[in-house]
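> Dock chain Y against chain X, hints included.
2 protein chains.
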Amino acid sequence: MSAFCQHRKNCLKCSTGVPVYLSFVLIVLYGMPEAQGVWPMPQKMSQSSESYLLNPQGFTFQYANDSVAQPGCSVLDEAFRRYFTLIFPGYNGGNARGDLFAVVVNVQSGECDGYPDENSTENYYLLVSAGLGFLKAETVWGALRGLETFSQLVEQDDYDTYYVKETEIVDFPRFPFRGILLDTSRHFLPLPAIMETLDAMAYNKFNVFHWHIVDDPSFPYESYSFPDLSDKGAFHRFTHVYTQSDVQKVISYARLLGIRVMPEFDSPGHTLSWGKGQPDLLTPCYRGKVPSGSFGPVNPILNSSYEFMVRLLKEVSTVFPDSYIHLGGDEVSFTCWKSNPQVRSFMEKMGFGGDFTKLEAFYIENLVNITAALNKTSVLWQDAFDHHENIPNNTVLLVWRGTPPKYHWEMSQMTKAGYRVLLTAPWYLNHISYGQDWRDAYNVRPLNFTGTDEQKKLVIGGEVCMWGEYVDATNLMARLWPRGSAAAERLWSDEEQTSNLSKAYTRLSNFRCRMVRRGIRAEPVYVGYCKHEYKGL
Amino acid sequence: MSAFCQHRKNCLKCSTGVPVYLSFVLIVLYGMPEAQGVWPMPQKMSQSSESYLLNPQGFTFQYANDSVAQPGCSVLDEAFRRYFTLIFPGYNGGNARGDLFAVVVNVQSGECDGYPDENSTENYYLLVSAGLGFLKAETVWGALRGLETFSQLVEQDDYDTYYVKETEIVDFPRFPFRGILLDTSRHFLPLPAIMETLDAMAYNKFNVFHWHIVDDPSFPYESYSFPDLSDKGAFHRFTHVYTQSDVQKVISYARLLGIRVMPEFDSPGHTLSWGKGQPDLLTPCYRGKVPSGSFGPVNPILNSSYEFMVRLLKEVSTVFPDSYIHLGGDEVSFTCWKSNPQVRSFMEKMGFGGDFTKLEAFYIENLVNITAALNKTSVLWQDAFDHHENIPNNTVLLVWRGTPPKYHWEMSQMTKAGYRVLLTAPWYLNHISYGQDWRDAYNVRPLNFTGTDEQKKLVIGGEVCMWGEYVDATNLMARLWPRGSAAAERLWSDEEQTSNLSKAYTRLSNFRCRMVRRGIRAEPVYVGYCKHEYKGL
Numbered sequence: 001m002s003a004f005c006q007h008r009k010n011c012l013k014c015s016t017g018v019p020v021y022l023s024f025v026l027i028v029l030y031g032m033p034e035a036q037g038v039w040p041m042p043q044k045m046s047q048s049s050e051s052y053l054l055n056p057q058g059f060t061f062q063y064a065n066d067s068v069a070q071p072g073c074s075v076l077d078e079a080f081r082r083y084f085t086l087i088f089p090g091y092n093g094g095n096a097r098g099d100l101f102a103v104v105v106n107v108q109s110g111e112c113d114g115y116p117d118e119n120s121t122e123n124y125y126l127l128v129s130a131g132l133g134f135l136k137a138e139t140v141w142g143a144l145r146g147l148e149t150f151s152q153l154v155e156q157d158d159y160d161t162y163y164v165k166e167t168e169i170v171d172f173p174r175f176p177f178r179g180i181l182l183d184t185s186r187h188f189l190p191l192p193a194i195m196e197t198l199d200a201m202a203y204n205k206f207n208v209f210h211w212h213i214v215d216d217p218s219f220p221y222e223s224y225s226f227p228d229l230s231d232k233g234a235f236h237r238f239t240h241v242y243t244q245s246d247v248q249k250v251i252s253y254a255r256l257l258g259i260r261v262m263p264e265f266d267s268p269g270h271t272l273s274w275g276k277g278q279p280d281l282l283t284p285c286y287r288g289k290v291p292s293g294s295f296g297p298v299n300p301i302l303n304s305s306y307e308f309m310v311r312l313l314k315e316v317s318t319v320f321p322d323s324y325i326h327l328g329g330d331e332v333s334f335t336c337w338k339s340n341p342q343v344r345s346f347m348e349k350m351g352f353g354g355d356f357t358k359l360e361a362f363y364i365e366n367l368v369n370i371t372a373a374l375n376k377t378s379v380l381w382q383d384a385f386d387h388h389e390n391i392p393n394n395t396v397l398l399v400w401r402g403t404p405p406k407y408h409w410e411m412s413q414m415t416k417a418g419y420r421v422l423l424t425a426p427w428y429l430n431h432i433s434y435g436q437d438w439r440d441a442y443n444v445r446p447l448n449f450t451g452t453d454e455q456k457k458l459v460i461g462g463e464v465c466m467w468g469e470y471v472d473a474t475n476l477m478a479r480l481w482p483r484g485s486a487a488a489e490r491l492w493s494d495e496e497q498t499s500n501l502s503k504a505y506t507r508l509s510n511f512r513c514r515m516v517r518r519g520i521r522a523e524p525v526y527v528g529y530c531k532h533e534y535k536g537l
Numbered sequence: 001m002s003a004f005c006q007h008r009k010n011c012l013k014c015s016t017g018v019p020v021y022l023s024f025v026l027i028v029l030y031g032m033p034e035a036q037g038v039w040p041m042p043q044k045m046s047q048s049s050e051s052y053l054l055n056p057q058g059f060t061f062q063y064a065n066d067s068v069a070q071p072g073c074s075v076l077d078e079a080f081r082r083y084f085t086l087i088f089p090g091y092n093g094g095n096a097r098g099d100l101f102a103v104v105v106n107v108q109s110g111e112c113d114g115y116p117d118e119n120s121t122e123n124y125y126l127l128v129s130a131g132l133g134f135l136k137a138e139t140v141w142g143a144l145r146g147l148e149t150f151s152q153l154v155e156q157d158d159y160d161t162y163y164v165k166e167t168e169i170v171d172f173p174r175f176p177f178r179g180i181l182l183d184t185s186r187h188f189l190p191l192p193a194i195m196e197t198l199d200a201m202a203y204n205k206f207n208v209f210h211w212h213i214v215d216d217p218s219f220p221y222e223s224y225s226f227p228d229l230s231d232k233g234a235f236h237r238f239t240h241v242y243t244q245s246d247v248q249k250v251i252s253y254a255r256l257l258g259i260r261v262m263p264e265f266d267s268p269g270h271t272l273s274w275g276k277g278q279p280d281l282l283t284p285c286y287r288g289k290v291p292s293g294s295f296g297p298v299n300p301i302l303n304s305s306y307e308f309m310v311r312l313l314k315e316v317s318t319v320f321p322d323s324y325i326h327l328g329g330d331e332v333s334f335t336c337w338k339s340n341p342q343v344r345s346f347m348e349k350m351g352f353g354g355d356f357t358k359l360e361a362f363y364i365e366n367l368v369n370i371t372a373a374l375n376k377t378s379v380l381w382q383d384a385f386d387h388h389e390n391i392p393n394n395t396v397l398l399v400w401r402g403t404p405p406k407y408h409w410e411m412s413q414m415t416k417a418g419y420r421v422l423l424t425a426p427w428y429l430n431h432i433s434y435g436q437d438w439r440d441a442y443n444v445r446p447l448n449f450t451g452t453d454e455q456k457k458l459v460i461g462g463e464v465c466m467w468g469e470y471v472d473a474t475n476l477m478a479r480l481w482p483r484g485s486a487a488a489e490r491l492w493s494d495e496e497q498t499s500n501l502s503k504a505y506t507r508l509s510n511f512r513c514r515m516v517r518r519g520i521r522a523e524p525v526y527v528g529y530c531k532h533e534y535k536g537l
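For the protein sequence lines, the chains are X and Y, in the order given.
Heads up: the first sequence at position 234 corresponds to 234 in the UniProt record's numbering, and the numbers run straight through without jumps.
Heads up: the second sequence at position 482 corresponds to 482 in the UniProt record's numbering, and the numbers run straight through without jumps.
These are calculated hints, taken from the structure and not from any lab test.
Each hint should be verified, as a subset may be incorrect.
In this list, chains with the same sequence are indistinguishable; a pair is considered to hold if it fits within one copy or across any two.
Subject to a maximum C-alpha distance of 27 Å in a straight line, what follows is the list of computed BS3-like cross-link-like pairs (lysine-lysine) [unchecked claim]:
#1 232 - 531
#2 376 - 531
#3 232 - 165
#4 531 - 249
#5 503 - 416
#6 531 - 276
#7 416 - 376
#8 456 - 535
#9 457 - 358
#10 232 - 535
#11 406 - 376
#12 456 - 249
#13 406 - 232
#14 376 - 249
#15 232 - 44
#16 249 - 314
#17 44 - 503
Next comes chain X alone, as it looks inside the complex (with noise of 0.2 Å):
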């Protein structure tokens, strides 16, 4: 602590760990050069020319004496080693040893063990100076993200010598949602797919997988209430399925990177693969007055298949920690429902008239309370608003269907009738054209619509959905980053100091080499080269 204190001018207790934002707003104030090296932008940031070598021999990390974590705790424990590999990419673990350097961690509250929730700050602070990074965070989730951002400001010069710049840095996410959605049912992605995905999340701090498991094609997710379902539904049951035990390595792994698991069981349409196992979920299509042979989304209208779904997501919300499960409920097809004479009774006996998206909502609205009764929060595409006015007030919307001004439309009012609202529809980034196409997820423009500071509050974040028509491991990573990090950079960053894109090209090449780096197959921005070059073929 020391070296830092006799080092900067205004230092104020920092031995104690009190943030010296005065000596911060000095800095600002005089103009510093702005930041190059870490994607997403922090808020504010500050470096100075001023710069220190880093000798991996030299280098460690330590926990604060006033921190409440400690060594021991697993998140930080995990990160410190992670951090060592990823900042000297190059060590071979030779001898020498040179400029100490210690990175030390204070963190506020020590939830070590648990689970990053909807709820979880992830702040920091991180003051860089003469032998020192200085770490603050509330929770381990904030100093996740100052570790991240710490490594992303280590340089290697021309000689290959490691070196960071005197800096200062306040941080903290514009939304506390951002997510990536991958779709494991149109193609099935192997585990280490999964978790390159969340090591690539980290780099871009995002801090929700989307795991959009099941689907029509197929349902990989081996569930020990109705093991049939993958083992009928998956396109094959033992290579082609998640057991319980990739279930929870994947929870685990992006618990170490600060990210949550959020599961989603799309129904009642997108369940075509469900009724493999389960004979009698799917409505029975009709031609005429004959059963076709077909089948449409879950039968809404048998009392067996709510008994089905509580089962299911009783089991759901005790696998997945996390406070949302995905209900899913987008582009429910009429027809087969229209097509069945025991449905059409019951919309008669409901009430229902020829409406079919009360029977839509009808079935949702059980999904809710059931999910409800399980302490979970419901996520649901855009659909069930869009039908059904009234849902329960603690839903999250998912806005993915069309372009400005019709999405913004949308977001306005869902947040009018009080919803909590996420943006994904600028960044389906399965959708690819030729060219330099991140420029369209970057210009997004979250809450340019119509609305009260309230409603604008009601926006808890986005989501990049990677669905997977054309995408399996072979083409994922490529075709994920670096576009998905402008979006990763609309989510985190103030949108003043992001929106210009010649900035931001230069600085997100730079990022995209620092991945290539990390062994992240991104794909290039434009013309040029990494120093490393992507070599893991």
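Positioned in the frame of chain X, the structure of chain Y alone reads:
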């Protein structure tokens, strides 16, 4: 041999290696099942439902007694090793023994140590019967194509047992030139990325690697005549160059796969990086009466430019054994030439008036003559022809602009003028769009232009271009495969037999899984799965 002869009825002198065309015709007439497993589709193929187990321990490749190629033939010795692994991807070296199976190879000419060239025939005949595969080809290059086909006939059943069906194939390429262009200037591609592309090319029966090795952004080719070109023009003189040894590795590797390496040194445009290591090569651009400090195309008015090109092309013609050298000649901007007073007075002296296409043609003609004196065939982008119909007649022209009917019209004009033509316009596969855009590459009809049979014969093939603006080793394979496979089938197979998209879809999906199994990061065609998913992250 005897096992085979006992098994088949119409076996005519098979032990002496004469193809049994008679039996083949009969089988085709009886409408035996269509080839599912081989991509690109062989010209003539019949299969029965009879299938034979293959056991790695009992499997071997042999040279036929009357084959001109015998043990020691480098191309085939290496191919036997390679295909053993490709045929038995799950082989774990166990010791079980089982049914014997030999693939007996009979090659009629013995050029085992040469290079494939424009006249190499690739015809082969393959007969698979009980205990025996019989492969006959005029050249080792044809034998390689046959081995690839045989490897694709081998399937694994649900017990992972290998088997092959009784099959008879007569095959030959529709076009002799089937190329892939890689651009190593806009992004540097490490050698493994090039080698892996060559592997996949062989799986797809491509036979020319068009190495667009240098361009504006960088000059990675290490010239021994002009070492400054890469020392100063590469992204990095050590990490981002192809040394002479690297180039030899690529050429040798390609040779063993029956792939020609056609180098491109594009000039007079696209040479910005050349100027860094060869100061007086490029035209100084002028702003008004003074040089602006920027540079344009190669300076076509200086003897020194041609002296340089003579030395460079002489080196290139020695380093690259192929008879083709691609001289570029595309997209020459006249702005800089127009601005330069010396160029303008040269134009006057030569009587070119204000027509800068004449100056361009003057330059190109000089280069074609230099190349001819080196006993090489010049290849040029279509621009040279568009601007100057009298380029030397032995030149090969690459059609790269437009969509039908434009490129068909161009091909019609070129072949009418007697030039040999290659088509690439519809196969710029660096361009991407969402969805199954392999269909566009597949739907190409190269010969659908107005012209005589003689004109059609002048179309010697085509190539897939993978320009590097947005492509490097991170995304090359997924962007190129299996979309490139669509072009491969159009260039190898009979067009009528391969005009049905939905049949092609099924076959391509299977073939893509086969490539994935072989470690090629070929992206999915659509929703579904491979028995063995890509795991090599």
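> If a hint holds in the structure, say so; if it doesn't, say that too.
Status of each hint after checking the structure:
{"no.": "1", "hint": "232 - 531", "in the structure": "between (48 Å within a copy, 16 Å between copies)"}
{"no.": "2", "hint": "376 - 531", "in the structure": "neither (47 Å within a copy, 37 Å between copies)"}
{"no.": "3", "hint": "232 - 165", "in the structure": "neither (57 Å within a copy, 30 Å between copies)"}
{"no.": "4", "hint": "531 - 249", "in the structure": "between (34 Å within a copy, 23 Å between copies)"}
{"no.": "5", "hint": "503 - 416", "in the structure": "neither (35 Å within a copy, 52 Å between copies)"}
{"no.": "6", "hint": "531 - 276", "in the structure": "between (51 Å within a copy, 20 Å between copies)"}
{"no.": "7", "hint": "416 - 376", "in the structure": "within (23 Å within a copy, 74 Å between copies)"}
{"no.": "8", "hint": "456 - 535", "in the structure": "neither (44 Å within a copy, 42 Å between copies)"}
{"no.": "9", "hint": "457 - 358", "in the structure": "neither (30 Å within a copy, 66 Å between copies)"}
{"no.": "10", "hint": "232 - 535", "in the structure": "between (39 Å within a copy, 24 Å between copies)"}
{"no.": "11", "hint": "406 - 376", "in the structure": "neither (30 Å within a copy, 60 Å between copies)"}
{"no.": "12", "hint": "456 - 249", "in the structure": "neither (36 Å within a copy, 60 Å between copies)"}
{"no.": "13", "hint": "406 - 232", "in the structure": "neither (40 Å within a copy, 52 Å between copies)"}
{"no.": "14", "hint": "376 - 249", "in the structure": "within (22 Å within a copy, 60 Å between copies)"}
{"no.": "15", "hint": "232 - 44", "in the structure": "neither (53 Å within a copy, 39 Å between copies)"}
{"no.": "16", "hint": "249 - 314", "in the structure": "within (20 Å within a copy, 60 Å between copies)"}
{"no.": "17", "hint": "44 - 503", "in the structure": "within (17 Å within a copy, 58 Å between copies)"}
Checked against the numbered hints listed earlier, the structure breaks hints 2, 3, 5, 8, 9, 11, 12, 13, 15; every other hint is satisfied.
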